[in-house]
Structure formats: structure tokens, C-alpha cells
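Spelled out, the chains give:
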Amino acid sequence: MRRLINDPYDVVEEMLEGFCKAHSKYVHLYENDGRVVVSNLAPVKGKVGIIIGGGSGHEPLFLGYVGENFADAAVIGNINTSPSPESCYNAVKAVDAGKGCLYLYGNYAGDVMNFDMGAEMAAEEGIRVETVRVTDDVCSSKNIEDRRGVAGDFFVFKVAGAKAAMGADLDEVKAAAEKANANTRSMGVALSSATHPATGKPIFEMEEGDMEIGMGIHGEPGVRRDKLQKADKVVEEIMSYIIPDLPFITGDEVAVLVNSLGSTPLMDLHICYRKVAMILEEKGIKIYRSFVGPYATTMDMIGMSITLMKLDDELKQLLDYPCSTPYFTIK
Amino acid sequence: MRRLINDPYDVVEEMLEGFCKAHSKYVHLYENDGRVVVSNLAPVKGKVGIIIGGGSGHEPLFLGYVGENFADAAVIGNINTSPSPESCYNAVKAVDAGKGCLYLYGNYAGDVMNFDMGAEMAAEEGIRVETVRVTDDVCSSKNIEDRRGVAGDFFVFKVAGAKAAMGADLDEVKAAAEKANANTRSMGVALSSATHPATGKPIFEMEEGDMEIGMGIHGEPGVRRDKLQKADKVVEEIMSYIIPDLPFITGDEVAVLVNSLGSTPLMDLHICYRKVAMILEEKGIKIYRSFVGPYATTMDMIGMSITLMKLDDELKQLLDYPCSTPYFTIK
Amino acid sequence: MYDDFILDKDYFIKVVEDIINLIEEQRDYLTDLDSAIGDGDHGFNLSIGFREVKKNLKDWQDKDLTFIFKKVGMTLLSKVGGASGPLYGSFFIKFGEAAQTKNEVNFKEFYNMFKAGIEAIEFRGKAKVGEKTMLDALKPGLDAFKDAIENDLEPKQAFEKFVEAAKKGAESTIPLVAKKGRAMRLGERAIGHLDPGAASSVMILEAFLKNMT
Amino acid sequence: MYDDFILDKDYFIKVVEDIINLIEEQRDYLTDLDSAIGDGDHGFNLSIGFREVKKNLKDWQDKDLTFIFKKVGMTLLSKVGGASGPLYGSFFIKFGEAAQTKNEVNFKEFYNMFKAGIEAIEFRGKAKVGEKTMLDALKPGLDAFKDAIENDLEPKQAFEKFVEAAKKGAESTIPLVAKKGRAMRLGERAIGHLDPGAASSVMILEAFLKNMT
Ligand SMILES: Nc1ncnc2c1ncn2[C@@H]1O[C@H](COP(=O)(O)OP(=O)(O)O)[C@@H](O)[C@H]1O
Ligand SMILES: Nc1ncnc2c1ncn2[C@@H]1O[C@H](COP(=O)(O)OP(=O)(O)O)[C@@H](O)[C@H]1O
Ligand SMILES: [Mg+2]
Ligand SMILES: [Mg+2]
Ligand SMILES: [Mg+2]
Ligand SMILES: [Mg+2]
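As they're listed, the protein sequences go chains D, Z, H and S.
Residue 138 in this note's numbering is what sits at position 138 of the first sequence, and the numbering runs on without skipping anything.
Residue 267 in this note's numbering is what sits at position 267 of the second sequence, and the numbering runs on without skipping anything.
Residue 106 in this note's numbering is what sits at position 106 of the third sequence, and the numbering runs on without skipping anything.
Residue 26 in this note's numbering is what sits at position 26 of the fourth sequence, and the numbering runs on without skipping anything.
Warning: the hint list may mix true and false statements.
Distance condition first, Cα-Cα at most 27 Å in a straight line; then the derived DSSO-like pairs of lysine-lysine [said to hold, decoys possible]:
hint : chain 1 : residue 1 : chain 2 : residue 2
1    : Z       : Lys331    : D       : Lys21
2    : H       : Lys210    : H       : Lys102
3    : S       : Lys14     : S       : Lys115
4    : Z       : Lys21     : D       : Lys286
5    : D       : Lys179    : Z       : Lys316
6    : D       : Lys142    : H       : Lys126
Which bits of chain D does chain Z cover? Going by a derived footprint, with three or more residues having C-beta under 8 Å, they are [to be verified]:
hint : stretch
7    : 14-20
8    : 54-61
9    : 220-233
Among the chain D residues that face chain Z by a calculated CB cut under 7 Å, a handful are [unchecked claim]:
hint : residue
10   : Lys142
11   : Pro265
12   : Asp268
13   : Ile302
None of these hints come from the bench; they were simulated from the model.
C-beta atoms are modelled at their ideal positions from N, C-alpha and C, and glycine is treated no differently.
Build the full structure now, drawing on both the sequences and the hints.
Okay, here's the thing in C-alpha cells:
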């Protein structure tokens, strides 16, 4: 194993302790629940509470985006595993300012069950909690509502965070997040597995020199495995799934995210980005804003995903809206 | 090989093309030299030009820190290889606003030769260029002036960038950068090699399950190789070199950088950070501000480095000074 | 016959202890199963939960079965998370509720506990048999258990039928395409692999069987 | 004797072509040497530079030796970077300058070209013999070359002495602790490894020897 950890059963707690110390200007752990990372500004008067969350191992997702004008809290599960209903509920208690809260997370069976139970608990207390599940991974299902959420989480969360920061009510925030989700499509490629700290072993097997197109951010198998191709070829193939899916068409304006799954150098990401930009240019799709780096990872997995979000004026404004968190800041 | 590239001889050019497209709000390539990444704001009237640079493969160092109130230009070499004298000189041409320029880079034989030749060329044109070489790697030599620059680059560059942005003259900016360098100490550990894209092979051999304490950011061997230990042990050992070296003592205030060498998950970095904070607390050294993430990498190397900078009021102010670049922003 | 067959608290405590040990022993096996078709963590997830159960079991032992299994379930719910946390969590909570705060139950009540627990899994997960989940083991198992009781089999024999059918059900997941959980989107590629949740369900049932005299 | 031994432009062009090929062939070998004690790129660095030389050599061929080697040197300087770029770059620029814009040189002038080139490496790198760099090959080589000329050896024989001594010098780096370049901070651990720059220097000299008639 090539991981720097102590006892594998303590990784999440130790990470959270380190995180809240390192970024104490932004966040702290909720006093009643060590799995709820709360913004120092929350609850923000007059603002809908933005609660994101999911399994650990995708850092900086989710906890890295808690702060000013983005998420108010992140609920933290075990590795690759949804947080508990109790923690989802506690997050509501921690950030609700009387305007209700929005749960935002990737659409996985486990997360749905746990967050839904959390919402039920909140409802019993009379706090309104709505939910938007991110479903951006084009190759995870034919039915959009069955699709998983991957790096598109970042766009949907950013939009929701900005909308809430602008003072919108829960229905408006939810509508903006739903629009962002409806306009967002992603797909990835993995060149390696990730190391589960408990077993010290890869969470699935993958030969050096292979790649898997469509791999999920928990290592869920993709659409096909093959010998690794040149970056341009790989990008072409991924784009050939993403573009017709929405579809993105000539005249559209998009935000682009070329995301590292953990261990892909920025060098490689920018080589991939270059090809993404060339393809979009060819198709007459205009790039409004781009993000390149590790935004939603799978621990030490080598790989990359591409996300496009089709923009209108509202989404542009929300994407550009200033925010300040440990792992994402717009001035 | 597990890298997403095209022709290995094109990696740097393709990366730069992708980079300048993705971050076109901040930077562009200098018209006369495809290896000089220039801030869109440069030359900034009345400001000393801040020029950073070195080999490729350390991204986001160097080019990721070009932008507002940080570096005005980055000069880009081949992988692990200093840029050419011509490019160092061209960077001066691109950003000098009449107040002279400061070269800032890690202290490596190749960089020294090339930047010095660049400075000679600038001097012939009557442009004053001063140099500060970063020498933060405690285990790279007994003599401080022989030491290499590693992740401490980030602190020294940040301080110089802020000082210049505040309108200081070249001597003042140089003095601030020299103070930052004199106050900064780093040391790292590698758990793997990095993959050179040309050969497709690791730049040196390292068995899974081993670690090398003191490894340099180009894979230069460190002080000892051993079986991988628990994170807390590794951090303890590294801190035992760093702390007595300056020395950092009770009552000091420091900035902390726990840096990924490329492929270390944020989870592991924060587990390491937790122990760094515990050790500093024990010693009565106060943490003023912390940075955790990939700031200076070695492509896909797995490993981590710790950097401490001792602060005074001026360094605090300069560290906190707002800036905005593709890979580092303070609001 | 079934009214006289009493399962007391000692029995249930031993079963829980056995489950704790089994999950620890089989952690890597279950995780390997999940590697093939999921995200490679099922064994680790359960071990996080049951380690916590182990820590606290002593403190619960004096209370009734409903209390004990509520605690077991709540622990899984809060410490495991994921898909298996709420599913097994709900299972144990409802399993205990059906014991109606007693300290021992007869065999008919014992059946009702399983019925309630498995229905809770169905309710939470909304899965159906044939979708390659733990239900593929539990549902046919429960049906066989019911049949056996209706046919007046000896208690232990009846429970053997439960486990047998659950095992067969688990194996039936091997050729299936998954329709729920993470394996869902695998399509054809899930074929040929045993579902990890079905495998852990069988282990849990075996702990109940083993301690039956 | 030395005045009559003329080395013409064809000779130098062939040498450059041979160097280009040698560096390409030996790229991975040189890189491996650098992996052991440096940063694993020496061969790749030189190949980037000499590939660029190869691209442009045709355009320079009509010009004099000073021009040609200035271009070779400038190309290495601007395309290679690192330590070896400025060192070999300076070497070739000064090597050419010593040819005083001629199209051919006699053997004495040929010696002066190497002298000027190697001095440029010394000037740029500030290294001394025994510090485990390319100079450990070039300096003793040049000394032997000078001795051979002072002793009136046949031109080709004299150059053989150069190469021989350079080879021995390169090998002498194996047991050394490095005092310059990246290997410097290796301490004892550099011991046992041939210096990559010394190795590439010998290759370059061999190309000069091979084409001598
Ligand atoms: N909706 C569902 N209904 C019943 N069982 C399910 C459902 N979704 C998943 N499972 C079961 O959960 C198991 C996976 O559990 P686990 O790996 O612990 O959770 P996760 O999928 O969150 O990583 C699957 O093998 C399957 O048996
Ligand atoms: N100061 C110096 N003087 C002479 N030669 C040097 C000096 N520094 C380094 N070298 C030579 O350069 C070689 C390394 O070149 P290369 O790997 O291309 O550059 P880098 O060290 O920048 O990666 C060393 O093997 C050594 O022979
Ligand atoms: Mg999981
Ligand atoms: Mg190098
Ligand atoms: Mg799983
Ligand atoms: Mg080298």
C-alpha cells in the first residue's frame, strides 16, 4: 500500500480533525456530531441552508466546499459510503436559519436512503428539507433519474450555493440546482484503481496500461475496458458520449470541468483540456469558464473526467458569484 | 505507463496550450516565446516584475501562480529541467514596467546557470534583474546556500508577489523574499517514483511499501529509505529535522504547508496535518495560517512534504494579501 | 411445538457475538465480492458497524430484546451508512420491535421477527427479488421458512430450510444483472458475480442457525 | 604535420549527424544513468535538443563552422535547458567561435576549438575535476590531447588519446561523491554510479574520432 495513514478505522475521524484544524478560518465540526462539517458563518440569517454530503474519499468534495456563499455544511460518510441518517439530520439542525434546507448529493442508493431518512427526521421537527440529486454521469444509465452523480456535483452545488447566498427561497434555490443538474453531463476514464486504506488493496483490479471508459467515482465499472490510448483519442471518445447526450449544440455556451480522479498530474489534465477545447470549438460551442484540477476524486485513482454544463444568464451569474471555501474561492 | 498524454515530446507545449486556454482570464503565452506564461495584467505600472520558473512537472508550480498580486510571469522548462536563458530573458521583456524584475526559483545548478544568463542578457539591455533562490529543503545540504528549493517556493513567491503588489521597490521586494526564504524550512517523503512521460518509466526505482525520507521534488534521493511507517511516525521524523534546523521555538508563529507531491489524497494530507499541528502545539509554536494540498508536485509521485515559515508582522501581512491566480486565490 | 421452542436472550447475544466475529473474519472476502461489482467496501462497512456493536454490547445485555436490537440497528444505521447501513439497520430495529420488549421469544415470534426485519429491508430499499441484492437471499429464505412452519417441520429443521433457501437465493444472484445498488449500472458485467449483500445475509442467518439447539 | 591535417565542413557535419543519432540511440541509457543519481532525464534532455538540431541542420550547412556551431549551441541552450543545456550549449558556441568563421580547420585549430569549448563548460558550471561531472571526462581528456600534440603523435592517434583519457575520466566518476549538479546532495549514495554527463561527453568525442580518417 502507498498511503500515508495510521489505523485504517480512524482515517475519516483523523482527516476531519486535521481538516477542521487546518481550515479553522472556514469550518468546524458540529458540536453534536463529529461527521458534520459546518461553516463558521452558519446558520446564515435569511439564507436557505445548503447541505452537501456523501462518502469520504472524494476530497476536496464534499467538505472542501463548505464556507462563504457555497455550502453551509457537509455530511461525511465512511469511505465510499453515504453518511448516516442521524448525521444528515444533524446537519439540518446545525445550519437551518428558518428558511429550510436543501440536500444536494450524488444519486446513489445508499445516499438516497440515508438522506431521505434524515429529511424525514427533520420534517418531524417541522423543518422543511428539499433534495436535489445530481445525475450527471451519462454512461451510468439510460434513465436520467437512475444516473449517478460524479464531478458535476461541483457545478450543481456551486449554483445552489450562490442562489442561496443571493437570498432566494428554498423553492428558487431548488429550481436553480435542478436546472444546473439538468444542464450538466459528465463522463470519466480510469487508468488505475484506488487503494482502500482498510484492506490496503485496490478497490478493483486494473492492469497497468489499461483504461476503463466510464468508470464511476467509487470505482463502479464503466462501459468498456481497453488498452490505454493517447490523450486526444480518449478525450474524443468521452466527448462523443457527452455531447449528444444533452445534446450540446452549436451556439451553446458551456462551463467545462476537467477533473482529476486523484492522481492525474495537472500536466495531463491540461493536455486533455486542450483537446476538449478543440472539439468544442469545432462544434461551435463556446466555453464561458473552465475549471481544471482535482474537484471530485476517488482517493488515489489515476483518471480524469470531463463535465460540461450548458449555461444561460442565470447559471453564468451563479457560477461567477464570489465565494470563499478551503478548496474553492472566487474573488 | 499510467499517464494521459500524446507524443511525449509535445507534453510541455500541449500543456501550455491547454493551460492558457483554460485560464485565459488570467494568463496568455508571451507572443515572442512559447515558454513564457504572462499575466494578462502585466506589465503592471509602478510594480516590480515578479518572475518565477523552473522545470515542468511540478504543476501548479510555477505557472499556476501567475496572476493578480502574485507572479507576473512564469518561465517554463522541459520536464524537471530549467528553462533556457532566452526564455528567462524574454520573461523580463514581457513584464518589466521600468521598476526592474525579481527572478525567484528553486536553487538548482541548471536553473542558476540559465536564469543567470537571462539576467546577464537583461543587464545588457539596461534592465535591472535581481535574484532570490529558494533553499528551503533542510536535508539537501549542510550549507544553506547549497540547499535546494522545494515547496517553500510557494511561500517565498507569495511573499514577494504581495510585496511587489504593494508598490515596494526592487530592493525591498528582494529583501522581503530573502527574509521569507531565510525563515522557511521544508522536508518531504516519497512513497513512489514519478513517471517520466518520455520513457514511460519511473524516474527512479522504488518498491511498493517503501518510503524515502527527504526525497527531492525531482526525485533526488533523500536521507534514508525504509519500510513505510504510519503517518504519525513519518510526520514525527520529518518534523524532527525541520524544527531544530531554523530552529523554530516556543512562542514562534508559523505558516504551515502540507504539500502533496502529486498523488497523495487530501485525506492522507489532512491525517498528516493533524499530527503536524499536534507537534507544534506541544512545542508551543502557534499556527497562524495553513495550506494543505498539491502546491508543488513531481507529476504523479506519491508523497508529501511539510513546510514551515516563521512569521513576523510583515510576513503575515504579505501572506494574507489578496491575490487571484488560476491555482491560488485569497479573497 | 413452536410455542415450546424458546429462544432466550443468551441465544440472541451469542448470535450477535457470532455475527461480530463472522463479519470480522469474512471482511476481506465480502469486500472482494464488492470489488467485482460494487465499490469494494461491503466487508469493511459492516466491520465498522459491528466493531461498534462489539464495543457496546455489554452495556445493552441487561435490557430486553427490543432494546438490544434497536441499539444494534441504530449502531449500524449511524456507523455504517451506505446502502447496507440503513438496510441492516432497519432490519435489526424491526426485528427487535417484533419481540415486543420481551427477554425471550417462542419460535412463532422468532419467525415474526425475521418477517418484520426483511419487510423493513424491502420498504427501505424498494428492491424486488431478481434485482441482485440481499433480498434475493432473504426473500426466498423467508418463504421457505414460512412453508416449513406451515408444514410443521421441527424448529431447527425449519430454520435450516430458511438458510438453505437463502443460500440458494444468494447463489441465484451470480448469473443476474443487478437492478439496484451500485452494481445496477454494471449491466451484463455484473453477471457471474455473487452479490456481496446476499453473501453477508447468508452469514448472518448461519449465525442464527449455528446457535440453535 | 598538424598544419596539413585538414578537417573540413563535411567532417563536422557528419560528426554532428552522428551525435544526433548516438544521442537518440543512447537516450534511454543516459536517462537510466541519471535515474540512479539525478532526476532521470539526461538522455531525454539531450534528445530534445539534438532532435531540434536535426530539424535545422540542412539550413545551416552552407554557412561557416562558427555559424553552424553557434546554431547548434544556441539550439541546445534554448531547447534543452537544465544543467546540460547551457553547458553543452556554451561548449558548441565557443567551439565554433574558435574556428574563426572558417569552413575548414587544421589540426592545431581543431585542438583550440576543444580547448575553448571545454573552458566554456568550466566557466559556466564552475565545477572542478573530481566533482563527478562531465568535466571529469573532458578535462583529463583535453590534457591528454595536449600532451599527445606536444609529443607529436599522429593526429588521429592524438585524438585517440583524448577519447581514451576521457573514457578513463568518465569511469573515474563511478567511485566519486558528487560535488556539483543534482547528484551533489546524494553524498555517499552517488558512489558506484557513472555520471551521465561524463558518459554523454564521451559519446560526443567518439563521434569526432569515428569520422576522422
Ligand atoms: N435497494 C436495495 N435493496 C436491497 N439491498 C440493496 C439495495 N441496494 C444495495 N443493496 C445491497 O447492499 C449491498 C452493498 O452494500 P455496501 O457495499 O455496504 O454499500 P454501498 O453500495 O453503499 O457501498 C449490495 O450487495 C446489495 O446486496
Ligand atoms: N556545474 C556543473 N558543471 C559541469 N557539469 C555539470 C554541472 N552540473 C551538472 N553537470 C552535468 O550535467 C549532468 C546532468 O545533466 P541533465 O540531467 O541534462 O540536467 P539536470 O541536472 O538539470 O537534470 C550531470 O551528469 C553532470 O555531468
Ligand atoms: Mg460504498
Ligand atoms: Mg532535469
Ligand atoms: Mg459497497
Ligand atoms: Mg537530469
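Violated hints, by number in ascending order, as checked against the structure: 5, 10
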